[in-house]
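K.L.:
Everything in the sequence shown is counted per this note's numbering, starting at 1 for the first residue and increasing by one.
Hints listed in this document are in silico derivations from the structure and should not be mistaken for laboratory results.
All clues stand as given, with none of them false.
Label pairs and their computed distance ranges (CB to CB):
hint	residue 1	residue 2	range
1	Ala62	Tyr195	47 to 57 Å
2	Lys338	Phe49	34 to 44 Å
3	Thr43	Arg148	25 to 35 Å
4	Asp59	Asp285	18 to 28 Å
5	Gln29	Gly197	48 to 58 Å
6	Ser284	Glu186	19 to 29 Å
7	Tyr195	Gly118	19 to 29 Å
8	Ser84	Pro45	24 to 34 Å
9	Ala62	Glu217	43 to 53 Å
10	Ile32	Gly330	24 to 34 Å
11	Ala62	Asp285	22 to 32 Å
12	Arg8	Glu335	30 to 40 Å
13	Ser84	Arg198	28 to 38 Å
Quick list of in silico lysine-lysine cross-link-like pairs, DSSO-like style, CA-CA up to 30 Å:
hint	residue 1	residue 2
14	Lys255	Lys104
15	Lys26	Lys392
16	Lys104	Lys26
17	Lys326	Lys367
18	Lys104	Lys52
19	Lys104	Lys254
20	Lys326	Lys218
Here a beta-carbon is modelled for each residue, glycine too, at the ideal position from N, C-alpha and C.
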Amino acid sequence: MEIRVSRRVRELSGYAFAEVDQRVEKLRQAGIDPIDFGVGDPTQPTPEFVRKACSEALDARASYGYPSYVGDPGFRDAAAEWISRRFGVELDPQTEITSTVGSKEAVFHFAEGFVDPGDVVICPTPGYPPYSRGARFAEGEPFFLPLRESNGFLPDLSEIPPSVRDRTRIFWISYPNSPTGALAPEAFLAEVLAYCGRYGIIVASDEAYTDIYFSGEKPRGVLEVSRDGVVAFFSLSKRSAMTGYRVGFLAGDKKVVEVFRKVKTNLDSGTPTFVQDAAVAALSDESHVVEMRDQYRRKRDILVDALVGAGLPECRPEATLYVWQKAPSGMEDVEFAKAFLDPEVAIVTTPGTWIAEPTASGENPGKGRVRFALVPSVEATELAAERIRRMKF
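The whole structure should be built from the sequences, with the hints applied where relevant.
P.N.:
Structure (structure tokens):
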């Protein structure tokens, strides 16, 4: 039997992080144990008190059946309380917050509620692939705005043609930014919200890294500026090393939340309630976040100092768990990434062009960069630093 594949799937390129995993596996098959900075999956254990809360909830929830589509009331209350503490914004957990199965599911499916064929979704490049792939699966058209160092890795709204602007339904932003590590000034957030409000565009703000920052001042959240036509996506994956738990939440304009809840009800059966109970424990504690942030800062400095010592430009990030490293002049990013795969070095990174889509003009802002995800242990990072210093670019 011949299997017919949908156009949407046929047109998909490889998923960058799956390709990184394949590189790691090839090295292991060759008897080499690489130090993997490729995929942003924290390796430190989920905090013990969170695991304990999850374990206790398994028994407490033994007969609870399917979870709520929109999240257990206790989880939504905890999310609202955390937003109040973190951003000083008061939300109604009944109407302005909904649980999500991590962030990827929510980001990918968000366009289903608002995009029709021919509509546009504006996406940053480089950026998280589900922004654009979700748009395509909803039969919309992604339009890519480049994030350039010359503009502080902020998109330039003047690069949006009126013909694109008038068809746009969703504008994605993400700060603290992956992979550049940049922060967004409040003036930029206000500019984006004013622009989108003027043209009836929903602002979707991916704030998965809002608690991973290295300066004294906390990054601003989009909900601090407005919630009219605005939603923010949050996840416990990076904040609390809960990637495998698949739990997060969407918060903001109740009209947008209501539509997304309708989409979710038809797509999944919600995050298990015992996992939400573990997330409540995680959201109620900040001490583990401070410890995690300090550990990421330490690994950032070990790695960046080694890269500079090897003759590379300093690219020390302000936030997130990524280093967006510039290659030596004249070296392409894939060639740069391959240099780290030498068996004597055995370090896995992600080439910038793999996680950056070309703009309408053909520019790929990931060119000449590689991404290091600061997920190996401090000890493994120190070992990687020793190997990098010997490379001498």
